[in-house]
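Q: Just so you know, the protein sequences line up as chains A and B, in that order. If you count by the numbering used here, then the first sequence holds residues 79 to 185, one letter each, in order. If you count by the numbering used here, then the second sequence holds residues 321 to 433, one letter each, in order.
Read the hints as simulated data drawn from the structure, not as lab findings. Keep in mind that a hint or two might mislead.
[Stated by the list, open to error] Pair ranges (Cβ atoms, derived): (1) Thr325(B) with Arg136(A): 25 to 31 Å; (2) Asn123(A) with Thr373(B): 23 to 29 Å; (3) Ser342(B) with Gln81(A): 38 to 44 Å; (4) Lys377(B) with Asn108(A): 34 to 40 Å; (5) Gly135(A) with Gly336(B): 45 to 51 Å; (6) Gln338(B) with Arg136(A): 42 to 48 Å; (7) Ser399(B) with Glu145(A): 42 to 48 Å; (8) Gly348(B) with Pro86(A): 37 to 43 Å; (9) Glu93(A) with Ser390(B): 26 to 32 Å; (10) Gly336(B) with Arg136(A): 32 to 38 Å; (11) Glu83(A) with Thr400(B): 41 to 47 Å; (12) Glu145(A) with Gly417(B): 30 to 36 Å; (13) Gln374(B) with Thr158(A): 37 to 43 Å; (14) Asn391(B) with Gly79(A): 27 to 33 Å.
[What the hints assert, rightly or not] Sample of chain B residues facing chain A (criterion: CB under 8 Å; computed from the structure): (15) Ala322; (16) Ser353; (17) Gly362; (18) Leu363; (19) Phe365; (20) Glu372; (21) Arg375; (22) Asn376; (23) Gly378; (24) Phe380; (25) Ser399; (26) Leu403; (27) Gly420; (28) Glu421; (29) Pro426.
[As the list claims (entries may be wrong)] Here are some, though not all, of the chain A residues that point toward chain B, as calculated from beta-carbon distances under 8 Å: (30) Thr98; (31) Gly119; (32) Asn123; (33) Tyr126; (34) Phe175.
Being a predicted model, the structure only gives us computed values, none of them experimental. Every residue, glycine too, gets a C-beta built ideally from N, C-alpha and C.
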Amino acid sequence: GIQVEQSPPDLILQEGANSTLRCNFSDSVNNLQWFHQNPWGQLINLFYIPSGTKQNGRLSATTVATERYSLLYISSSQTTDSGVYFCAVKEANKLIFGTGTLLAVQP
Amino acid sequence: KAGVTQTPRYLIKTRGQQVTLSCSPISGHRSVSWYQQTPGQGLQFLFEYFSETQRNKGNFPGRFSGRQFSNSRSEMNVSTLELGDSALYLCASSLGGTGGEQYFGPGTRLTVT
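Chain A on its own, in the form it takes in the complex (with noise of 0.2 Å):
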């Protein structure tokens, strides 16, 4: 199966730090999503992104499909971007996660 994988594991900012967190994917992929998970646990979706880029806010993510990766650039980081980001891939109708980023924004 594909395997995908986060980095950096872990991330401390301050409060106004711009950041990149990357996800690699083993395989060709038709599906990838950027989470953040919220402190409750809850999944809140970022991006949907299988290739090319978009934005929102201060938060903006490219997919390079034939290199395998995908970049999630978070800008003038604010302390409720706290939290756990994912990216997942889908592969035969189930998301495929990463291990995550746990990012900190200290004020």
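Since the structure of chain A is already known, use the hints to place chain B on it.
A: Below, chain B alone, put in the same frame as chain A:
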């Protein structure tokens, strides 16, 4: 449009008991998937239902089962609970195509004592 709902939100059970969790998908979504999240294993796929049929199953023992009703609501059941079944159980819904964005519910946190 209402999101994915899961009930109950929290549950405490004793080893050997069984439990049933419920998931109502977004209106119009026909696919429901279940995932288990634990600190040690991360997020793992349990099973996926589409139009009342199980299309895919993860690598979990037979104690884990599920079903989907004609209104697309889904239930999962865990029998003979073990301590290791303590986890956050997440349900996701999607329209059902091979691509298709999945949307998650708030989860059910199960504690087995």
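Q: Against this structure, judge whether each hint is valid.
A: We went through each hint and held it up to the structure:
1. For Thr325(B) and Arg136(A), the hinted distance range of 25 to 31 Å is satisfied, since their beta carbons lie about 29 Å from each other.
2. For Asn123(A) paired with Thr373(B), a C-beta distance near 26 Å keeps the hint of 23 to 29 Å intact.
3. At roughly 32 Å, the beta carbons of Ser342(B) and Gln81(A) sit outside the given window of 38 to 44 Å.
4. About 21 Å separates the C-beta atoms of Lys377(B) and Asn108(A), a value inconsistent with the hinted range of 34 to 40 Å.
5. A hinted range of 45 to 51 Å for the beta carbons of Gly135(A) and Gly336(B) is consistent with their spacing of about 49 Å.
6. Between Gln338(B) and Arg136(A) the CB atoms are about 45 Å apart, so this pair conforms to the stated range of 42 to 48 Å.
7. Remark: the range hint 42 to 48 Å for Ser399(B) to Glu145(A) is upheld by a beta-carbon distance near 45 Å.
8. The hinted range of 37 to 43 Å is satisfied by Gly348(B) and Pro86(A), whose Cβ atoms lie roughly 38 Å apart.
9. Checked against the hint of 26 to 32 Å, the pair Glu93(A) and Ser390(B) fails, with Cβ atoms roughly 50 Å apart.
10. Range check, Gly336(B) to Arg136(A): about 49 Å between beta-carbon atoms, so the 32 to 38 Å window is missed.
11. In this structure, Glu83(A) and Thr400(B) break the distance hint of 41 to 47 Å, their C-beta atoms being roughly 35 Å apart.
12. Distance hint check for Glu145(A) and Gly417(B): the Cβ-Cβ separation is about 25 Å, which falls outside the suggested range of 30 to 36 Å.
13. Roughly 38 Å separates the CB atoms of Gln374(B) and Thr158(A), a value that falls within the hinted 37 to 43 Å.
14. For Asn391(B) and Gly79(A), the hinted distance range of 27 to 33 Å is satisfied, since their beta carbons lie about 32 Å from each other.
15. For Ala322(B), the suggested interface contact is broken, since its CB lies about 14 Å from the closest CB of chain A, more than 8 Å.
16. Taking 8 Å as the C-beta cut-off, the interface hint given for Ser353(B) holds, the closest approach to chain A being about 7 Å.
17. A distance limit of 8 Å between C-beta atoms decides the matter here; for Gly362(B) the minimum to chain A is near 6 Å, and the interface restraint holds.
18. Interface restraint check for Leu363(B): the shortest CB-CB distance to chain A comes to about 4 Å, inside 8 Å, so the restraint holds.
19. Interface hint status for Phe365(B): upheld, as the beta-carbon distance to the closest one in chain A is roughly 4 Å, under 8 Å.
20. Against a cut-off of 8 Å between C-beta atoms, the interface hint on Glu372(B) is violated, since the closest Cβ of chain A lies about 15 Å away.
21. For the restraint placing Arg375(B) at the interface with chain A, the shortest Cβ-Cβ distance is roughly 5 Å, inside the 8 Å limit, so the hint holds.
22. Hint status for Asn376(B): holds, given a least beta-carbon distance of 5 Å to chain A, under 8 Å.
23. At a threshold of 8 Å, the smallest CB-CB gap from Gly378(B) to chain A is about 7 Å, leaving the interface hint in force.
24. Taking 8 Å as the C-beta contact cut-off toward chain A, the hint placing Phe380(B) at the interface is violated, the least distance being around 12 Å.
25. For Ser399(B), the suggested interface contact is broken, since its CB lies about 23 Å from the closest CB of chain A, more than 8 Å.
26. Interface restraint check: Leu403(B) against chain A, minimum CB-CB distance 20 Å, threshold 8 Å, status violated.
27. Checking Gly420(B) against chain A: minimum C-beta separation of about 7 Å stays under 8 Å; hint holds.
28. Hint status for Glu421(B): holds, given a least beta-carbon distance of 4 Å to chain A, under 8 Å.
29. This hint holds: Pro426(B) has a C-beta 5 Å from the nearest C-beta of chain A, less than the 8 Å allowed.
30. Hint status for Thr98(A): violated, given a least beta-carbon distance of 22 Å to chain B, over 8 Å.
31. Satisfaction of the interface hint for Gly119(A) is found here, the shortest Cβ-Cβ separation to chain B being roughly 5 Å, below the 8 Å cut-off.
32. Satisfaction of the interface hint for Asn123(A) is found here, the shortest Cβ-Cβ separation to chain B being roughly 6 Å, below the 8 Å cut-off.
33. Interface hint at Tyr126(A): satisfied, since its Cβ lies 4 Å from the closest Cβ of chain B, which is below the 8 Å cut-off.
34. The restraint placing Phe175(A) at the interface with chain B holds, with a minimum CB-CB distance near 4 Å, inside the 8 Å limit.
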